[in-house]
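Student: Residues per chain, in single letters:
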Amino acid sequence: MKSTLPPTAPALDAFECLRIQRDLAIALGAATTLDEALPLCLKAALLASGMEGGGIYVHDPAAQGLHLASAQGLSDGFVQSVATCPVDSAFVAMVAGGRPVYGFFPDMPVPLDEVQRSEGLRAIAVLPLLHDGMVVGSLNVASRTCDEVPSAARGILEGIAAQIGGVISRLHAEAARRDAEDKMHHMQEQLAHVSRLSTMGEMVAGIAHELNQPLYSIVNFAKACGNVLSAGNPPDLDRLRGWTEEIAVAAGRAGEIVSRLRRFARRSESPRRTASLHEILGESVQMVASEAKRHGSAVSLEPGNPSVAVCVDRTQIQQVLVNLLRNAYEAMDDGRVTRRQVTIRTGCVDGMAEVSVADTGPGLPADPGLRIFDAFVTTKPGGLGMGLAISVTIVEAHGGRIWAEANGEGGTTFHFTLPLAKKDRENGD
Amino acid sequence: METEPTIFVVDDEEQSRASVCALVQSMGMQAESFSSAEQFLCSYREGRPGCLVTDVRMPGLNGLELQEELQRRDIGLPLIVITAYARTSSTVRAVQRGAVAVLDKPYENDDLAEAIRTALTRDAARRSEQEQQRQIHRRIGSLTPSERKVLDLMVRGLPNKSIAKRLNVSVRTVESRRHAVFSKMQAPSVVALMRVMMIAELDASPHRGA
Numbered sequence: 129m130k131s132t133l134p135p136t137a138p139a140l141d142a143f144e145c146l147r148i149q150r151d152l153a154i155a156l157g158a159a160t161t162l163d164e165a166l167p168l169c170l171k172a173a174l175l176a177s178g179m180e181g182g183g184i185y186v187h188d189p190a191a192q193g194l195h196l197a198s199a200q201g202l203s204d205g206f207v208q209s210v211a212t213c214p215v216d217s218a219f220v221a222m223v224a225g226g227r228p229v230y231g232f233f234p235d236m237p238v239p240l241d242e243v244q245r246s247e248g249l250r251a252i253a254v255l256p257l258l259h260d261g262m263v264v265g266s267l268n269v270a271s272r273t274c275d276e277v278p279s280a281a282r283g284i285l286e287g288i289a290a291q292i293g294g295v296i297s298r299l300h301a302e303a304a305r306r307d308a309e310d311k312m313h314h315m316q317e318q319l320a321h322v323s324r325l326s327t328m329g330e331m332v333a334g335i336a337h338e339l340n341q342p343l344y345s346i347v348n349f350a351k352a353c354g355n356v357l358s359a360g361n362p363p364d365l366d367r368l369r370g371w372t373e374e375i376a377v378a379a380g381r382a383g384e385i386v387s388r389l390r391r392f393a394r395r396s397e398s399p400r401r402t403a404s405l406h407e408i409l410g411e412s413v414q415m416v417a418s419e420a421k422r423h424g425s426a427v428s429l430e431p432g433n434p435s436v437a438v439c440v441d442r443t444q445i446q447q448v449l450v451n452l453l454r455n456a457y458e459a460m461d462d463g464r465v466t467r468r469q470v471t472i473r474t475g476c477v478d479g480m481a482e483v484s485v486a487d488t489g490p491g492l493p494a495d496p497g498l499r500i501f502d503a504f505v506t507t508k509p510g511g512l513g514m515g516l517a518i519s520v521t522i523v524e525a526h527g528g529r530i531w532a533e534a535n536g537e538g539g540t541t542f543h544f545t546l547p548l549a550k551k552d553r554e555n556g557d
Numbered sequence: 057m058e059t060e061p062t063i064f065v066v067d068d069e070e071q072s073r074a075s076v077c078a079l080v081q082s083m084g085m086q087a088e089s090f091s092s093a094e095q096f097l098c099s100y101r102e103g104r105p106g107c108l109v110t111d112v113r114m115p116g117l118n119g120l121e122l123q124e125e126l127q128r129r130d131i132g133l134p135l136i137v138i139t140a141y142a143r144t145s146s147t148v149r150a151v152q153r154g155a156v157a158v159l160d161k162p163y164e165n166d167d168l169a170e171a172i173r174t175a176l177t178r179d180a181a182r183r184s185e186q187e188q189q190r191q192i193h194r195r196i197g198s199l200t201p202s203e204r205k206v207l208d209l210m211v212r213g214l215p216n217k218s219i220a221k222r223l224n225v226s227v228r229t230v231e232s233r234r235h236a237v238f239s240k241m242q243a244p245s246v247v248a249l250m251r252v253m254m255i256a257e258l259d260a261s262p263h264r265g266a
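Keeping their order, the protein sequence lines are chains G and P.
Take the first sequence: its position 196, counting from 1, is numbered 324 in this note's numbering, and each next residue is one higher.
Take the second sequence: its position 144, counting from 1, is numbered 200 in this note's numbering, and each next residue is one higher.
FYI, nobody ran anything at the bench for these hints, they're computed from the structure.
Note that the structure is a prediction, hence the values are computed from the model and not measured.
The reader is advised that the hints may include incorrect statements.
Now the in silico label distances, taken between C-beta atoms and shown as ranges [claimed, not checked]: (1) G:P490 <-> P:Q191: 52 to 60 Å; (2) P:S245 <-> G:L357: 53 to 61 Å; (3) P:E60 <-> G:S435: 48 to 56 Å; (4) G:P490 <-> P:R149: 25 to 33 Å; (5) G:A393 <-> P:G103: 49 to 57 Å; (6) G:G475 <-> P:T177: 29 to 37 Å; (7) G:A417 <-> P:G197: 52 to 60 Å; (8) P:Q152 <-> G:A393: 36 to 44 Å; (9) P:S145 <-> G:E309: 49 to 57 Å; (10) G:T372 <-> P:R251: 52 to 60 Å; (11) P:C98 <-> G:G475: 34 to 42 Å; (12) G:A393 <-> P:R183: 49 to 57 Å.
Yeah, the Cβ is synthetic: ideal placement off N, Cα and C, and Gly gets one too.
Model the full structure from these sequences, guided by the hints.
Tutor: Below, the structure written as structure tokens:
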């Protein structure tokens, strides 16, 4: 029953209310999560209304009801007893009305249990939070000392409730955008991975050749050691030692080839790291060295500045290089091309690292409608037309761009840019 | 004249080259290595005995082009071709053109050693045959033109009378020239003479001097 005590909430002057709302607006601007924003709102609501306790409920999509996301000035037992409100509860029905409710707690049209009654709450305000015209939660504040929420406080509480609705709105949108970005990024990574595997499939002959090279040496040296040891006369130990060292070197080379392939085949975990651009390029050239040989191409790496560091997903950038190099080798493997040379150059332009891959091939077809960077567009018989499309998504995901132009040798030069590593990250990595 | 055979190793890959040389040395033979077909062609001195072990895929002249070049230059050095790729029509052609063996990389242990032995045997046989031919050509060269005419008709199986008639000389003259031919050619009979001439004609016309 309502007591006869007069409302005792201290009246705030208008200036103070404005200050509280301004401070809240500033603080909310910086908040990036609801967990961060809601306590700020609740604190401001209590401060502005002179109420002692309260909480903010938000819609729980999983449970379809409301759950208490933030509480202040209430006993643990009470908080626990009101933490979740099922979708069919009287409280949710009241909030769903979408209009603020001011009342006397024990008289509210909701069933109360012993714990809730003994909290001693008297005046209460329930302010639905709206987002896009939908009720997404509520701001509740209550007093143990006064019987009525002062009418002067009601306006500011409604203002704060609107602010909370705005924050929820903004954070939802941001979370959705982040989600979409993550999904995009994940899909791009998966696509790059699948394409890498398919590239490796095409490279199998070359890889086998590259692996056979050290294996061939190992077989020869081992056989030579065996011959010397079974010859009967005392073996020349220095010579034997030299040969066994050669075996170790060759085995090491085979191991390097295998681990390089494994790194390339792996689903990239995609932390972008600071890495030496020159090193990434060098390794890429190695990966397709046997293809260069098969197509009779020479390749040279001419870094403008060998110590340039970039912040990239190493495997993906190698993938771009491997795509461009294989395209170049294949383009030049044409009876009409007498000099087959690929030149990779690097430089820095406008705060980005730029890589160019120039070939001496027959050049791109003169068809202006040919969009070589689109998926399923290819000039190669039997080509899938995925290599360049994947390269575009990789380079653009890194914030760079990729383009092609005819060069002075009648061939084609592909360029792409990559973000330079920040100096301050260079040491920490 | 060099008699010890040398295994000439041509491979653009340094370690592969060194490993073949090691294998050759462990077999008690000498090896010389070259990083390209061109380098080998520049330094090879005609007539050195041995065999050639070459990789197929190399910058510049590849192994198969090297084989063609050897044939063009009439260098009969037996050839072993090493390929890192599965046998292709071009490597099959290499065998058809007379390569001792085409080996896949990496091969079964004994293959290369075995192939080298076969190649050296073939080289030795080729050399002794060449030597024999040279001797025969020298002998043919020692005949007078009229003895030479008699020889040509003898190996065609003509009797003395027919030869005398053809050459418009007496049978006695033919008989004396026959003696000279048997003795200069170091052949005791017409059959032996025919065999000698067959050997001589294997790769060169009998009219070419030695």
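Student: Confirm or reject each hint.
Tutor: Hints, one by one, checked against the model:
1. G:P490 <-> P:Q191: 52 to 60 Å: 58 Å, holds
2. P:S245 <-> G:L357: 53 to 61 Å: 55 Å, holds
3. P:E60 <-> G:S435: 48 to 56 Å: 53 Å, holds
4. G:P490 <-> P:R149: 25 to 33 Å: Because 29 Å falls inside the window, the suggested range holds.
5. G:A393 <-> P:G103: 49 to 57 Å: About 53 Å separates the Cβ atoms of G:A393 and P:G103, which means 49 to 57 Å holds.
6. G:G475 <-> P:T177: 29 to 37 Å: Violated, since G:G475 and P:T177 (Cβ atoms, about 60 Å apart) do not stay within the stated range.
7. G:A417 <-> P:G197: 52 to 60 Å: 56 Å, holds
8. P:Q152 <-> G:A393: 36 to 44 Å: At 40 Å between Cβs, range holds.
9. P:S145 <-> G:E309: 49 to 57 Å: 53 Å, holds
10. G:T372 <-> P:R251: 52 to 60 Å: 54 Å, holds
11. P:C98 <-> G:G475: 34 to 42 Å: 40 Å, holds
12. G:A393 <-> P:R183: 49 to 57 Å: Taking Cβ atoms as reference, G:A393 and P:R183 lie about 53 Å apart, which means the hint holds.
In terms of the numbered hints stated before, the structure departs from hint 6 and from no other.
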